[in-house]
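J.: Knowing the structure of chain A, use the given hints to seat chain B on it.
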Amino acid sequence: MQSVLRLAGTMLCRSTARPCLSAGAALCQSAARPSPSAGLRTSAVALAGPVGAEPPLELRPLNKDRSNPVPVETSIAYLQSAAYRATYGSEPVWRSYRRNHKGHIPPRKTRRTCIRGGQLSTGNPCPACRDEYLVLDYRNVALLRQFVSESTGEILDTSRTGLCQVKHRELLAAMTKAREYGTLAFDVPFRVYDYNEYKPSAA
Amino acid sequence: MAFRRLLSFNHVGNNFCRKYCQGVASRDPSLYFFSSRVQELLFQLNDRQHDLVFKPRKLGQKLEAPQYVFMTDEDLDKERRRIEQRLREKLQVPPVLGPRKPIERVLAKDPRLEGLHDSKLLCIDISPDLSDRKRMITAREPDGTLRTANWHERGRINQIFLPVDGRTVTMPKMFEEPHLTECLDREEYVSVLDRACVQFEPDDPDYIRVTSATYDHVDAARLYERLQSTRHFGALAFYLAWHRRIDNLLLYFIQLEKLDQAVKLIHLYRLLRSAEPISDQTPPTRQESSQSDGFSSSSESGSESESSSSDSDSDSEGVQLDIIRDYIENASVKRPVLELALQNFQHLSAERRRVEREQRRADGRQ
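Protein chains in written order, with full-length UniProt numbering: chain A, 1 to 203; chain B, 1 to 366.
Chain A on its own, in the form it takes in the complex (with noise of 0.2 Å):
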């Protein structure tokens, strides 16, 4: 079983075992290497980051175990960090994922859920289930935007994203109430006021 988890696309080739959480700058200190032929991997120097800077980052084994969720202050912090910036860039999370289907013609809907009894049960996740620390919540501002339209503010279908079903529902559920706290900012039809309803009654 492979200890690190092989990305389809080609694209982002550094997303293969992905490094550790740095929220706070704190690195998780596991011991075991990616094996040669594991594939597709992050480029030690794009991990090592500037000379005098944080300290390195670490590739660790693929984590399958979602029974424990992580909270979304962890989350947002990770937003924010070195591991997630040298994971994904400046792209949006779903941009590197690629599902694997029969015939170039993907099904319309993405599949139900990766999670099964708490644990990844497939091989190529989706983009929100394969790492932990994306949290689906109305407060992480960050991860929402990315799941916006830039140029209609239409939430983006399961066809782009390449979401499970679940997720999805978890992202619109996550839009509802951003829209309802005013965490995320959006467009509102523009009002027309008869001034006619509004005018005092002459006196």
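It is worth saying that the hints were derived from the structure and are not from the lab.
Virtual Cβ for every residue (Gly too), placed ideally from N, Cα, C.
Since no wrong hints were added, every one of them can be taken at face value.
Partial list, derived from the structure: chain A residues whose beta carbon lies under 7 Å from chain B: (1) G182; (2) P189; (3) E197; (4) P200.
With beta-carbon atoms standing in for the labels, derived distance ranges: (5) D110/B x D194/A: 35 to 41 Å; (6) E150/A x A275/B: 51 to 57 Å; (7) D118/B x S121/A: 48 to 54 Å; (8) N344/B x R145/A: 39 to 45 Å; (9) F190/A x T170/B: 20 to 26 Å; (10) E154/A x I126/B: 27 to 33 Å; (11) T170/B x P200/A: 28 to 34 Å; (12) E170/A x A221/B: 34 to 40 Å; (13) Q255/B x N63/A: 52 to 58 Å; (14) F54/B x V72/A: 36 to 42 Å.
In the DSS-like style, the derived pairs of lysine-lysine whose C-alpha atoms are separated by at most 30 Å in a straight line are: (15) K177/A x K55/B; (16) K101/B x K199/A; (17) K55/B x K173/B; (18) K58/B x K177/A; (19) K109/A x K62/B; (20) K78/B x K58/B; (21) K177/A x K173/B; (22) K109/A x K58/B; (23) K134/B x K173/B; (24) K173/B x K90/B; (25) K101/B x K173/B; (26) K62/B x K90/B.
T.: Below, chain B without anything else, positioned relative to chain A:
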């Protein structure tokens, strides 16, 4: 601050008039707001940058490619006039009204109906050609009383049966504390105000609370440019002039060297201070925007009207400076700061004129 205390939106019978009932008497801002003179001033105070006014809203609609059209001069003039008309529509200021009064009225009492239903029944007339504010909505209480519905019930039932796009049946939590303060601290003023316009009626006490909190925050942070070229700048200017707190905005205009805007703001302030509500009987004059009548008088005689275009810039600037100085001396709260800003402006413009003169002399020699 007192106005930021959490209010339950079930304040059916409360006449919450804290914001607009300040001052000597509880004056009704709607008596002044709809005057054509005030409306013209609110329009002129706006920057009116076309790029920002016509910025498209992202509402999930299908995007269309821009069209390139060949036009004759007449077509171009027609198009320009159409754009001006659309500009006015886009910059329509949300009405400023006092808080609404309760409208519950008992229509009939039928004690024999008690126990028939265990909950209140609301009835609405859903005829499509009625105004939502005037359509008949009644309530039958479990004890048999038939009464007209209160404002809260009216809002809910109207939204259920005749929904307005962008509005929710219950008030979004972003308009309650602490979420409102968090939104304002993130400086999302236009987003909050736009949503408040869609969600509430202008005389809803919650609308007045939300907009007052936003304008206060903008004024405290001096971030007036966020509201520039939006419909809310006029409402902000009206709010500040109504509550006699135009000093910060005046300072902003002086520092940006927009003396004509500063004069318009002072004129708005004076119009709103007049004891008599402004009538639309006397038509507005062109000279009105630069009047320097006495601070306490509400008469409309323009003794020093703005000079004609044949006068030099420095003359009209002098008139504007006189008006501003008159306000600073008589009515301002932050007198030293404003005087300093005015002095800086005068110094700067004198320097600029001197440099221009020397430039012209040097060019003449060449």
